Amino acid sequence: MLNLRKIAAILAGKLIAALSRMAGNQGTNLPGKIALEIYPQLLHELGQNIEKDIFLVTGTNGKTTTANMIAEIFKASGNTYVHNQAGANMLPGITTALLEHTDITGQKKLDYAVLETDEANVPLVIAEIKPRMILITNFFRDQLDRYGELDSTINLIKKSVSNTEIELLLNADDPLQLTFQASSSTKYWHYGLDVTNYDSFNGSESREGRYCILCGQELEYTRYHYSQLGKYHCPQCDIINPAPDFLATDLHLENGIDMQIDSMSITSPFQGLHNAYNILAAVSLAKLAGIEEEFIQSAIANYQPTAGRMEKFKILGKKVVLVLVKNPTGLNQSLATLVQDPAVKNLFIALNDNAADGRDISWIWDADVEVISSDQAHINQIICSGKRSGDMAVRIKYSGFEPAPIVVKPSLEEGIESAIRRESEACYILCTYTALFASRKILLRMQKKYPELEPERKKAPGKML
Amino acid sequence: MEKFIIAHMYPDLMNLYGDRGNLLCLQKRMEWYGLNCEIKNISLHEDLEFSQFDMIFMGGGSDREQNLVCGHLLKRTDQLMKLIESGLPALFICGAYQMLGSYYKAQDGNVIDGLGIFPFHTECRQGRLIGNILIETEINGRKTSVVGFENHGGRTYFTDPIIKSLGKVIKGYGNNGEDKTEGLIYKNLIGTYLHGPLLPKNPVLADFFIHNMTDRKGIKLNRVLDDTIEKIAHEQVKNKILAE
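Same order as they appear, the protein sequences are chains A and B.
All residue numbers for the first sequence refer to our numbering, where the first residue is 4 and numbers rise by one.
All residue numbers for the second sequence refer to our numbering, where the first residue is 15 and numbers rise by one.
Just so you know, the hints here were simulated from the structure itself, not pulled from any lab data.
Computed from a prediction, not measured in an experiment: that's the story for all the values here.
Careful: at least some of the hints might be erroneous.
[Claimed, not checked] Cross-link-like lysine-lysine pairs, in silico, DSS-like; alpha carbons within 30 angstroms at most:
#, chain 1, residue 1, chain 2, residue 2
1, A, Lys-390, B, Lys-231
2, A, Lys-412, B, Lys-42
3, A, Lys-329, B, Lys-252
4, A, Lys-329, B, Lys-245
5, A, Lys-329, B, Lys-185
6, A, Lys-390, B, Lys-42
So here's chain A without its partners, still in its complex pose:
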């Protein structure tokens, strides 16, 4: 029998999605929200149309990139799948994704669902649909978490998976994920990095989860990959990194990312150690889903970074890289990637304090901005932009960077122009959330107008390391 209420919910959702797209909005939450109001069982029932597996991807950083990569792998291997859009990672957004991929009666079958899920929404989502597996990228504390929200989120996730059949795919290098070791009747898998050339031997000063989540003792590290990710052991309860089921070795970050995951060679146009983790996580999941290696390799090799995730532009013959930064760990990682790039560069950072960016910008002081002053960084000029360009400039100044080349230009347009036109081989454009899309528009326009060097500005390439 036809379920009219369900059809009404799906129709309403699809209609609102279409209208909101026509109005130029992404409209990713509202359709799901309305549809659930009309028919609360909708998410539960649509979840039953997934014939193979449902995968949730959660964690503090890297959710979107990892989920996108998994979706690319499913696409390359000829599977049908549903995948929610960046940012729409709570219950309504996930419902929108599923209702947009179904037919009016809500019966259409698909092979997989890859659902990027906000950490706090994991228990809500698995109350509705039963995933085969949850992939966790990492758990980072940031300034919003000083009241223990992260610990309670981790505990909620742990509680919601205990005594279920749900498998966990965990980061072996993240000590905060040890908490799942103690949970009963859960099957887990681990991915991790072998020793790399990019490790450091002392941690930075900023406060991260470097305490044993089981006993509270300060962890001892033999290596840090970045932040609290590394080779650790707890002197009190003797726990060490779990042995990875998927181990990445021979990591090279000089030109994109190259690495070996068990017997498989992986190459990606992405940059940076944090993206190496995202790829490793996506590849591990694809292997567990039983996807053949050739599809995994080609999907990762062909997948280009999306908006603000190390997206590359070519303007005036220069490489220009756009990066979204939203918390200290993200900023640390972006700066580390920039330092690894041997090109002489200008750095543009736009800091806004709108609600979506976070009104409190003090997190920039929890990031280890000091790396920009190292000899390998090769930074010519730093242009600070956005509503809080002054705060950013002060942060840069107190990192020890010589004040002469710090420029304050609150207007994004002027700031970006100036960063690209000033002498350098490459440009890094770092933006907080609300500056990202405006900056991207400016870059696209400039790329179209002046992709190549103007003849009079042509110069011999600068020194390369």
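Use these hints to put chain B onto chain A, whose structure you have.
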């Protein structure tokens, strides 16, 4: 070169919202003034001896962390009081500031004893006081504006008019969101709710502490630092707050 030691009290536990930026700021400015400054991290496992320090800094923390720290500090509160009385520069932010008072009443009604150094207390109530804040204060006889960001559930009330607030709230909440006062200044100690962090974009306050430190050692600072960038940041926030 004379060496200055600033104690960073419990950096693992009491370091909220970029508070360590205050120390980065002091250390860099002292370097630019030609002074040698060491930051010494003090943990719960150490025996406290405040007399070896030229300045004390403590940031904010959660209730649980404040309890641990308060228990440790109580062992040497007498020494701390004497040194504050004799002009030891000290900066206490948010939770650390609250700890200087007689007690802190949590939202569940639980009363936690403070160090009792100053006659004030704090009551935690529903609704955190969050946002940019602008206050007006007087440092060395000169009126100056101070900008920052506050985020606290506690409301602080002075119980004796003998203590003086750091300044008057122009925009924002301050000590309690009622009486337009913010923070506390006593000799060379400042207690305040302002994060941001406080000192980098309020260089007048950073220099207040540095001059106090050098005066105590009989060193005269002749150099003037170029604060163009700090002033840009200060004015940008100030204008934003006034337009809000």
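Results for each hint:
| no. | hint | in the structure |
| --- | --- | --- |
| 1 | Lys-390/A to Lys-231/B | violated (41 angstroms) |
| 2 | Lys-412/A to Lys-42/B | holds (24 angstroms) |
| 3 | Lys-329/A to Lys-252/B | holds (24 angstroms) |
| 4 | Lys-329/A to Lys-245/B | holds (25 angstroms) |
| 5 | Lys-329/A to Lys-185/B | holds (27 angstroms) |
| 6 | Lys-390/A to Lys-42/B | holds (25 angstroms) |
Figure legend: structure checked against the earlier numbered hints; the only hint not met is number 1.
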